[in-house]
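Engineer: For the sequence shown, position 413 (counting from the first letter as 1) is numbered 1015 according to our numbering, and the numbering increases by one without interruption.
No lab work stands behind these hints, which were simulated from the structure alone. These numbers come from a predicted model, not from an experiment.
Here are the computed distance ranges between Cβ atoms for each label pair:
#	residue 1	residue 2	range
1	H1105	I721	57 to 65 Å
2	L1178	W1036	34 to 42 Å
3	F633	E663	33 to 41 Å
4	D673	H1275	28 to 36 Å
With a straight-line Cα cutoff of 25 Å, these simulated SDA-like cross-link-like pairs (lysine to any residue) come out:
#	residue 1	residue 2
5	K716	D638
6	K658	Y1280
7	K1077	N1197
8	K1077	G864
9	K1077	L1065
10	K716	E733
11	K712	H764
12	K712	V648
13	K1077	G1057
14	K716	A698
15	K658	T643
16	K658	T724
17	K712	A771
Even glycine gets a Cβ: it sits at the ideal position worked out from N, Cα and C.
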Amino acid sequence: MMSRLLRVWLNPGIYAGVLLAGILMLGAYQFRPTYDIPFGTPIDGVLLQGFHADEKAPDDETFRYRWSSGDAYITLQDVGRQDFDVALSVSGSRPAGQPPPSIEVSAGGKSLLKVAPPIQLTVYSFQVPREAVENGTLRLHLTANAFSPPGDERELGVVVTHLRVAPSANPDRFIEPPIGPLVWIVGAVAMLGLVLAALGWGVGGVALGTGIVGAFAAWLLVADRLWLTSRQWYEAWPQTLLAGAALLLLFRPVGGWLMRAGGADWTAIQRRIFLTVLFAAFVVRLAGQLHPQIYVVDLGFHEHRFQTVESGQLLFLTFSSEWGNRYNFYLPTAYVFMLPLQWLLHDERLIIRIFTCAISVLGAFAVFYLVKRAVRSGWAAMSASVLYLSMPISVIPLSWGVTTNVFGEFFAVCALAIAVGAYPNLRPNRPALWALLFMFFIALLSHPGVVQLTGLTFGLMALIWLASRRMAGRKAQAAWLMGTLAAATLLAFTFYYSHFLQHMLTTLEDIRREQAAEAQKGGLHLLIGGSVSDRSLGLVVRYAETRREWFFGGLRGFWQEAQAYYHVWPLAGALLGYLLVWPASRKGITLLRENARSRLVLAALAWMLAVAVFALIGWTMNLYVRYMLFALPAITIGAGILASGMRRAGRWGVVLSLMLVAYFVAEMLALWHYRINYALK
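Modelling step: build the complete structure from the supplied sequences, incorporating the hints.
Structural biologist: Printed below as a string of structure tokens:
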């Protein structure tokens, strides 16, 4: 044990990465970018203190601005100690009867500008000497003779529309990096090196991994410095890596045991690569969740539900889109699973972020196991799991904050892995059957939409397996699958749903009456465009008032969802992948491997049929669930199998397969950056 720890600590790749990161950051700070900041945009808020919400001109929506208060700050954190030329666009417009405006701008205790701005927008230029850039941070202090107009409690100073901060025309001497980003980022690189070395990577692998992170930090300092330094985001890097290391520490032994218990294996290199991918995905997701510019839509909602569960209340109602925009039950199970983290961290919002990221990446293990067990291909298993982590629909929910949806889907895909991978062992008093019962029970207590999808999916799956000739000699296990689902449903009803039965029946009757009343009017009033409205993704949900608009608008909505969530191609690619592994007809006994492939393909068929059913229900009845998110495992498994199958075409097939997976990884990173900065703001 000691010798292994010593090998980890003495891995030269760690020290090479640390040295490279320090040199790169030192060099990056010698670049002197210009900061162009329009006010009233999604990216200016983290720089401001003492400013009011953004506003638009009534006659020109493109003209955006903010009112300052009497005491306001603009902070450009850790930009480096140097001389700056600043241009500030200000308007002194005020209602009649208010005192004439005046404004003073100072930095580092030095007064830099003192004017009485006129009504018209005016650009004021002034210089900031390096002595006023304290500790490498430019902090502009704006003071104004504030006023409060009638009927408005706000304290208003002046209108500010734009800030431009450029390096002085006179070349500066050497710019020393601020100590904060240098220490935290280099420390994060060192921690990453230790994790990679502990995973078994050699000198080259550790140096490459740490070098990528150091180069990324240096690139941000050159290309988008404020995105890295705003509000101390870099301080979250070591914390994020520490959380990722804790996840690996807990999961690594469990993952190996589960693979062996499930009748699959992974080689040392497959395990190392998969755990590295899992770690990287978690760290990237959590780091984005902790960036000060991100807006997570449902974070506050989950915080309040978490506090309710903490207080001991497990039965409560919330406003539910899945039940026709009415109040209905909301399941507490995900928050119960979070309670141990609350006892450790005592920060509900941080816990929700960590839990969401962890549960969203751990589903990739179920996908990896399932493909490896059924197809016996490490390449296919790795491709499918990477696609599972990099499809747009895998990343988008992190900014929506649909934690309970992700929680429910995780247990549903775990149930799928057990049902397909351990199918021969679905017999009484076997651990696989008890594990499946647990997964069903939790999935059926996860989220109202996932509950419906899970129940229909596995019910269809059992029926298809019972009816299929491919499952000859294994029909008893399909019956046990159905029985286990029924038992989990009965348990869930007894423990939870029985408390809301009357309320659910009343709600369903209200929905039926509402639809009947609409039908009697002879008109049409149905939602089209899918389950989510998000213009940043090109998704627009609206009501259709005619049959023609409903039909063609609905089809267009499904197409837009396929584009936004999957870039379309993987949907067809998944079908081709499943056809690729569908066993040819044989007389006599079918090989065990072919049985597993048949089960996988038939299970995917049931999964997608359930998704299609709920897509049609939403289209025709205004009862939408997030069916596109639920489709993620089935689509990525099929697409991953196809990507692996491309290798049969020779060298170019291997290159094409790698390029396909790399494309989605790059797209995922770009999309995540966009969601952090601009989405839903």
